Amino acid sequence: MKIKGIHSRYVTLFSLCLMSFLAFAALAHAKNEFKLKLGAKGQICLKCHETFQKTLKSRFVHPLLKKGECIGCHVPHTSSHKGLLKADKAKLCYNCHKEVLPENARSSHEVVVEGSCETCHDSHGSNNRFILSKSGNKLCLDCHKDMSADVRNVKFKHKSLEEGKGCLNCHDPHASAKSNFLLERDAPSLCLKCHKTNKPSFAKKHMNYPVTAADCTSCHNPHGSNKRGVIYDVAHAAVTEGRCTECHQKPTSLETKKKTTQLCRDCHQDMVDQTFNKNRVHWPVLDKVGCVNCHDPHATKEQKLLKGSIVNVCGKCHADTVQLQEWSIKNAIDDKLCEPVKKGNCIACHSPHAADNVLLISEQDISIDLCGRCHEWETHSTHPIGEKFIDIRDKNLSLTCLSCHWACGTGNNPAMLTFSATRELCIQCHVERIK
Amino acid sequence: MINGSSKILFIMAGLLVSVLLFQLSLSEAAIKFRYMTSIYADDKGLGLKQPEGVACSGESLLIVADTGNGRLLRYSIKDGAIEVDTVEIKVDQLSYPIKTEINSTGEIYIFDRKLRSIVRLSPAGEFRGYLQPVGLPSPTAYVPRSFTIDRNDSIHILDILSERVLILDPGGRYVRQIKFPDEYGFFSDVAVDFRGTVLLIDGVDGKVFSAGKNSASFSPLSSSLKEYVRFPASLTTDDRGRIYLVDRNGASIIILGQDGSFLGRQSGMGWKEGSLNYPTQMCINKKGEIFVADTNNSRVQIFLMVE
Numbered sequence: 000m001k002i003k004g005i006h007s008r009y010v011t012l013f014s015l016c017l018m019s020f021l022a023f024a025a026l027a028h029a030k031n032e033f034k035l036k037l038g039a040k041g042q043i044c045l046k047c048h049e050t051f052q053k054t055l056k057s058r059f060v061h062p063l064l065k066k067g068e069c070i071g072c073h074v075p076h077t078s079s080h081k082g083l084l085k086a087d088k089a090k091l092c093y094n095c096h097k098e099v100l101p102e103n104a105r106s107s108h109e110v111v112v113e114g115s116c117e118t119c120h121d122s123h124g125s126n127n128r129f130i131l132s133k134s135g136n137k138l139c140l141d142c143h144k145d146m147s148a149d150v151r152n153v154k155f156k157h158k159s160l161e162e163g164k165g166c167l168n169c170h171d172p173h174a175s176a177k178s179n180f181l182l183e184r185d186a187p188s189l190c191l192k193c194h195k196t197n198k199p200s201f202a203k204k205h206m207n208y209p210v211t212a213a214d215c216t217s218c219h220n221p222h223g224s225n226k227r228g229v230i231y232d233v234a235h236a237a238v239t240e241g242r243c244t245e246c247h248q249k250p251t252s253l254e255t256k257k258k259t260t261q262l263c264r265d266c267h268q269d270m271v272d273q274t275f276n277k278n279r280v281h282w283p284v285l286d287k288v289g290c291v292n293c294h295d296p297h298a299t300k301e302q303k304l305l306k307g308s309i310v311n312v313c314g315k316c317h318a319d320t321v322q323l324q325e326w327s328i329k330n331a332i333d334d335k336l337c338e339p340v341k342k343g344n345c346i347a348c349h350s351p352h353a354a355d356n357v358l359l360i361s362e363q364d365i366s367i368d369l370c371g372r373c374h375e376w377e378t379h380s381t382h383p384i385g386e387k388f389i390d391i392r393d394k395n396l397s398l399t400c401l402s403c404h405w406a407c408g409t410g411n412n413p414a415m416l417t418f419s420a421t422r423e424l425c426i427q428c429h430v431e432r433i434k
Numbered sequence: 000m001i002n003g004s005s006k007i008l009f010i011m012a013g014l015l016v017s018v019l020l021f022q023l024s025l026s027e028a029a030i031k032f033r034y035m036t037s038i039y040a041d042d043k044g045l046g047l048k049q050p051e052g053v054a055c056s057g058e059s060l061l062i063v064a065d066t067g068n069g070r071l072l073r074y075s076i077k078d079g080a081i082e083v084d085t086v087e088i089k090v091d092q093l094s095y096p097i098k099t100e101i102n103s104t105g106e107i108y109i110f111d112r113k114l115r116s117i118v119r120l121s122p123a124g125e126f127r128g129y130l131q132p133v134g135l136p137s138p139t140a141y142v143p144r145s146f147t148i149d150r151n152d153s154i155h156i157l158d159i160l161s162e163r164v165l166i167l168d169p170g171g172r173y174v175r176q177i178k179f180p181d182e183y184g185f186f187s188d189v190a191v192d193f194r195g196t197v198l199l200i201d202g203v204d205g206k207v208f209s210a211g212k213n214s215a216s217f218s219p220l221s222s223s224l225k226e227y228v229r230f231p232a233s234l235t236t237d238d239r240g241r242i243y244l245v246d247r248n249g250a251s252i253i254i255l256g257q258d259g260s261f262l263g264r265q266s267g268m269g270w271k272e273g274s275l276n277y278p279t280q281m282c283i284n285k286k287g288e289i290f291v292a293d294t295n296n297s298r299v300q301i302f303l304m305v306e
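So the sequences go chain by chain: X and D.
For the first sequence, counting from 1, position 155 maps to 154 in numbering that gives the first Met the number 0; every step adds exactly one.
For the second sequence, counting from 1, position 236 maps to 235 in numbering that gives the first Met the number 0; every step adds exactly one.
None of these hints come from the bench; they were simulated from the model.
Just so you know, these numbers come straight off a predicted model, no measurement behind them.
Accuracy of the hints is not assured; some may be wrong.
[As the list claims (entries may be wrong)] Pairs of lysine to aspartate or glutamate residues, derived as EDC-like cross-links and limited to a Cα-Cα distance of at most 16 Å, are as follows:
(1) D/Lys-113 / X/Asp-355
(2) X/Lys-287 / D/Glu-162
(3) X/Lys-315 / D/Glu-162
(4) D/Lys-48 / X/Asp-355
(5) D/Lys-48 / X/Asp-272
(6) X/Lys-65 / X/Asp-149
(7) X/Lys-287 / D/Glu-182
[Said to hold, decoys possible] Partial selection, computed: residues in chain D whose CB lies under 10 Å from chain X:
(8) Lys-48
(9) Glu-51
(10) Ser-103
(11) Thr-104
(12) Gly-105
(13) Lys-113
(14) Arg-115
(15) Ile-177
(16) Gly-211
(17) Ala-215
(18) Lys-225
(19) Arg-229
Cβ atoms here follow ideal geometry from the backbone N, Cα and C, with glycine treated the same way.
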């Protein structure tokens, strides 16, 4: 029994050893089922792709490359994606870096949405933090060139743009869940990170008005300006001259003395009266918001204190027309696109406040007089136009420029014609040509 | 002659046809506009100039706001033809007529865009005064953008200054108001359907809002219709509650069901008869004839609704 007992213990021990060995062998086999050479997950790659030896010496290297795991992103043999990538370039980074694009982002960087991460990052390594391809504001301003010129040339610069993280002091480069324009959060909360409102000088500069809860960017240009206090370059005289009480009640509140257009009329009486005397006042002038629908009462970057470029301000309501204008620019098949259409200068033809004519056209004749401001007729066309020539399609219409052309753009039609083919247009009236 | 199994088959086929017909009657029938004729001038030959308003009453009365000529024209239409002499209505108190409506007593209401006032005329076209709402609650200031008159002759004013629809009795006394919803682009017109539901069209966002007969607030009836419409400027309804949007920039008429669902789009941009250019208002008479103020074509076009 003893011998038997000893024997059975050995058998059990032997079985355990054997099972462990088999398990270990199986694991080892599973780990290297393709019989890979040592370092096949990346180290071997570097034997041929020598340039990455240099990349590995960069200050910041992508962790996968650092670990020698090229197969984290690449497939060693074949792939449907350029660079033997594991997935489409636009999606690959998101496999690990999902957090850069929050689901309910209020604003997101276009290149991030497109998945063009390499626009800013070197996917392998660089000497800049976060393996960025360039350092500091240069990275942002090389693309945002308009902003670059503004920032560089302004007389009064915003310190936070030049110190610390630069642009990233206020903006999140990927997306923002809390604010527009990739801002970390909305003004004034964002501004109050640095600017203290409890100082007497703050109150004095703001004429004691309770502005701490107001949107600072309604007057101040966060990227710098040529006006002291980084007030936008185009500022309402009442603002720059500190005449706040002309529009606002005493400094106990920000309430205005009057509402809507009535307030503006106190100073701009002639202009408002002329507007109200026209047949057609642009409706937003008359609503609860009035002038402030399009103009900023304090300061802006745009002329006439407009809230944005003309085409953007008009496009806020007339998106359909601006869409046509944009489409016409993108798809133009000749160089005959009207200059105002090219430039988005809607007010070259339309009177934004009021007019006596349909479509708020300032000229009596909706097309000949209007177009004639820029185009000399008989040199342009010999087709008869004018009151004497009746449009045979409609006896109440005479032939004008708009009988054939459409002024806001016609997509990819030639010469802003209303039909895509000239013949199609001409046979509208010249029916005999069909025969 | 017919054996048992054939009888069963016939009965089943009959049932199937009945069910299909019932389903068809429940669903909205397809609607088309058939072009009939156009009105170009008064009886003296003076052409219309950019008319922006049309109002229908009964089976034959049509009032046209001949905006560019600063006048109204009264036509009697029968089977698409002008029946008797046209009457020109020109009053000093009216300078730039746009939207036009007729109440059940034949009174004519016109919105004067230049004066931003609603003018009341007798059925014969005599000036009866400007509509002055009585007993408005605070804020008393208002700016009408448009108006409509319902089946009970109550007047609904679209007030863009104080963001509400004011409802007045036929005498102009304040009855109640419905505040605009919190989120909207810009309201360009108001209509009331046969059930008393007040409808608003948001031209900027391309949405229809509705408020039930006694409701105190508006809610969206449709989601954005921008897929089908460019810039709807006005709306009207028919006896079945269908909604018609006049798409000014899109030069067409968009038809919606009672629930705001898209049913179709009629006409399109052009100068030839049957096409539209910057249409502004439309009305439907009891015979199902549709009149459209084809503003930039300086005419009124008449269509027949075909289902």
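Residue hint D/Ile-177, partner chain X, criterion CB-CB below 10 Å: This interface hint is violated because 16 Å lies over the 10 Å limit.
Regarding the hint that D/Ala-215 lies at the interface with chain X, is the smallest CB-CB distance below 10 Å? At 19 Å from the nearest chain X Cβ, D/Ala-215 fails the 10 Å test, so the hint is violated.
Given D/Lys-225 was flagged as interface, is its beta-carbon under 10 Å from a beta-carbon of chain X? Where the cut-off is 10 Å and the nearest Cβ of chain X is about 8 Å from D/Lys-225, the hint holds.
Would the hint linking D/Lys-48 and X/Asp-355 be met if the CA-CA limit is 16 Å? This hinted pair holds, its Cα atoms lying about 13 Å apart.
Does the structure keep D/Lys-113 and X/Asp-355 at a Cα separation of 16 Å or less? 9 Å, holds
Is the straight-line distance between the alpha-carbon of X/Lys-65 and that of X/Asp-149 16 Å or less? Violated. X/Lys-65 to X/Asp-149 sits at ~40 Å, over the 16 Å cutoff.
Under 10 Å, Cβ to Cβ, is where D/Arg-115 needs to be relative to chain X, so tell me if that hint holds or is violated. 7 Å, holds
Hey, does the D/Thr-104 contact hint survive, CB to chain X under 10 Å? For D/Thr-104, the interface hint is violated, since the closest Cβ of chain X sits about 30 Å away, which is over 10 Å.
Holds or violated: is there a CB of chain X closer than 10 Å to the CB of D/Arg-229? 4 Å, holds
Under 10 Å is the threshold here; is the Cβ of D/Lys-48 close enough to any Cβ of chain X for the hint to stand? 8 Å, holds
Report holds or violated for the interface hint on D/Lys-113, using the least CB-CB distance to chain X and a cut-off of 10 Å. 5 Å, holds
Hint check: is the beta carbon of D/Ser-103 less than 10 Å from a beta carbon of chain X? Interface hint status for D/Ser-103: violated (30 Å vs cutoff 10 Å).
Of the numbered hints given earlier, the model fails hints 3, 5, 6, 10, 11, 12, 15, 16 and 17; all others are met.
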